[in-house]
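> Listed below, chain by chain, are the residues.
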Amino acid sequence: MKINKKTIINVIIAVGVYAVVQGLISGGMLSRQMTSLIIPICVYVMMAVSLCLVVGFLGELSLGHAGFMSVGAYSGALFLTHTELPQLPAVLIALLIGGSAAAVFGLIIGVPVLRLKGDYLAIVTLGFGEIIKSIINFMTPITGGAKGLSKIPLYTTYRNFTFVFILTVVVVLLVSNIVRSRHGRAITSIRDNYIAAEAAGIPVSRYKIMTFVIAAFFAGVAGVVYAGNIGILKPVNFDYNTSIEILVMVVLGGMGNIKGSIVAAVILTALPEVLRGAADYRMLLYSIVLIALMLFNNSPIKRAFMDRRNMRQAGRLQKEGE
Amino acid sequence: MKNMKRFAAFSVAAVLAVSMMAGCGDDKKDKAEGSEAAGAGEETFLIGGIGPVTGAAASYGTSVKQGAEIAIKEINDAGGVKVGDTTYKFALEFADDEASEDKAVQAYNTVMDKGANAIMGCVTSGACIAIVDQTYQDGILQVTPSGSAEGCIANDNAFRICFSDPEQGKAMADYAIDTMGLKKIAVIYNAADEYSTGLQKAFEEEVKAKGGEIVASEAFNTNDVEFNTQLTTIKGTDAEAIYVPAYYQDATYITKQAKDMGMTLQFLGSDGWDGVLDTVSDASTVEGCVFSSPFCATVDDADVKKFVDAYNEAYKATPDQFAADAYDTVYTFKAAMEEAGSIESADMIEAMTKITVSGMTGDEITFDASGAAVKEVKFVEVKDGAYQYKAE
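In order, the protein sequences belong to chains A and B.
Positions 1 to 322 (full-length UniProt numbering) are the ones given, in order, by the first sequence.
Positions 1 to 392 (full-length UniProt numbering) are the ones given, in order, by the second sequence.
No lab work stands behind these hints, which were simulated from the structure alone.
Some hints here could point you the wrong way.
Unchecked claim - Covered stretches of chain A, going by a simulated chain B footprint (3 or more residues, C-beta under 8 Å):
id	stretch
1	146-153
2	279-293
Said to hold, decoys possible - Which chain A residues face chain B? A few, computed with CB under 8 Å, are given here:
id	residue
3	Lys5
4	Lys6
5	Ile8
6	Leu37
7	Pro40
8	Asn137
9	Asn237
Since the structure is predicted, the reported quantities are computational estimates derived from the model, not experimental observations.
Beta carbons are placed, not taken as given, at the ideal position from N, Cα and C, and that holds for glycine.
Let the sequences and hints guide you as you build the complete structure.
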């Protein structure tokens, strides 16, 4: 990993956010409602960033991301409920188990990916998510079926914010480093021109599978955190609506923009809560704001702003080059 | 065109900014009001309601909210609740949980921010289980109108108005065998639904324990509309009755298709059947069906009629059992406050096992130490195209 100015700025931002939030929590300045939002925001940031890898950088539409999340959540939660290890090692192992289990499923879904592209792939992943949901539903003795898996130890609530935050930062850093690495260039080249990438000698299929597995791993990790925050898992919470919600975050963040995905995840998770004041019109307002945000994302104002910023950055890079 | 876009973009920013401010402002205002109202000899007892008012389960949460509002209006109009020297008026702060576990936690924290004195919720079982440990930590009285899973009342501070799924399944089995004299019963249930599987399991166990026989146990899935396979299997057995622990939509299809196949077996149902007469195209398909139900809006009873009329006037709708459960929840709070002589949750929780509530879902509802409501199970029969309580 090359340490440059950008990395340093990112680390400063992360530390700053952490200091502010932790200060607010320990100072008791956050309302309970806002406190209960902290962990879901971290979870959705991890979900959005990992899906960003597939949708934004590999350029394949995946509608089954909640499926990976559920695999991770269930396997991690099952471990947590049966282990007698102390909290920290138990959570670390659960995260690994959840991530690995989801990664295995990522590998399984990665194989049909080799043959399919675009809309077809989207449908396959959609079906995959539903299959996972059904399997969990019918594995009643292990997963609790429709009743849900409850009594999961609450190891990743806002009281353990430090741990969850570090985890989130690590996930974001890993993903952004992958993107900036040689492998990341290969992945984006597949998105930009499949044939040219293949002609340049990039093993397209291997990279596709790799991307799916990595994204699934992080989704599984996010799932474990989700499980440890709520204490109960139900298959219905991981249906395609959840997958689409995460996809919306990635699209809103500007496909292939990790920072944007993070901001979008924060906004979209917090928005329904912030809008509670609107009572009956809450969901209506939420949808309107969503539409408005999408319009804004494509508006000339934003484009002009981004252009100016890019120009400035390009100018700076040129200067550094000299 | 360009201006339009610019306008749209600015309005977004404005909406966002205003909504954030509105959200913050509300909190402060409500808290201020709560403290101002204190000390006037008349105080507010804030019920924190949690349930889905959007999403697939929205009808349940809406019913609970409206049923509770009817009870609150009744009590407040009658002068509120007198505890010691102070009179308390009820108020309801209802937060949407979309029937989802993570949203339930946020909704719970929202009503706690507003200063709720007791929790009415959650409406659905999973959401309820997600918050029970937190309400326990906060030591607040929690009464769920309709969370029927075992885990909903796992802690000492949690109580429930409705029957648990196993209780209801068991009661139906007792009734079928002891009162109706049935011996061989087939079951069709929804394997992907916890309510349905909970009833099915308890029913089958009780039937076997009573010496009856389950001749067939057929599963279906949510949103199925085709039940010929299950019905054909049952037709090949010597079943005397079919138990369908499911919602009325499923019951509508099953009874219709059974009639088309020429089956004339007795149908037994669960409280999810309430409303089945509104969805069947031909009332004769459900004629004679018997289902367990805590509440039925069309029976001839003065108290029920008063509630149904008030509900109808306020919301232009007929109350279902969720509304009735919520109505009883509010009266349970009232009884607990009076018995405890205090609005402290700890005192009210202790008083809960001593109170008797006369409500819509039972004439004498009491609560046992586990937190479950003790009341009679009522059975409703469809007779001449109308619901009727079945005589014991």
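> Evaluate each hint against the coordinates.
To see whether the hints hold, each was checked on the structure:
Counting residues of the stretch 146-153 of chain A whose CB falls under 8 Å from any CB of chain B gives 5; the rule of at least 3 is met. Restraint check on the stretch 279-293 of chain A versus chain B: 8 residues with Cβ-Cβ distances below 8 Å, three needed, restraint holds. Because the beta carbon of A:Lys5 sits about 30 Å from the nearest beta carbon in chain B, more than 8 Å, this interface hint is broken. For A:Lys6, the shortest C-beta to C-beta distance to chain B is roughly 27 Å, which exceeds 8 Å, and the interface hint is violated.
Given the 8 Å rule on beta carbons, the hint for A:Ile8 is violated: about 31 Å separates it from the nearest Cβ of chain B. Interface hint at A:Leu37: satisfied, since its Cβ lies 6 Å from the closest Cβ of chain B, which is below the 8 Å cut-off. Satisfaction of the interface hint for A:Pro40 is found here, the shortest Cβ-Cβ separation to chain B being roughly 6 Å, below the 8 Å cut-off. Because the closest C-beta pair between A:Asn137 and chain B is about 5 Å apart, less than 8 Å, the hint holds.
Because the closest C-beta pair between A:Asn237 and chain B is about 6 Å apart, less than 8 Å, the hint holds.
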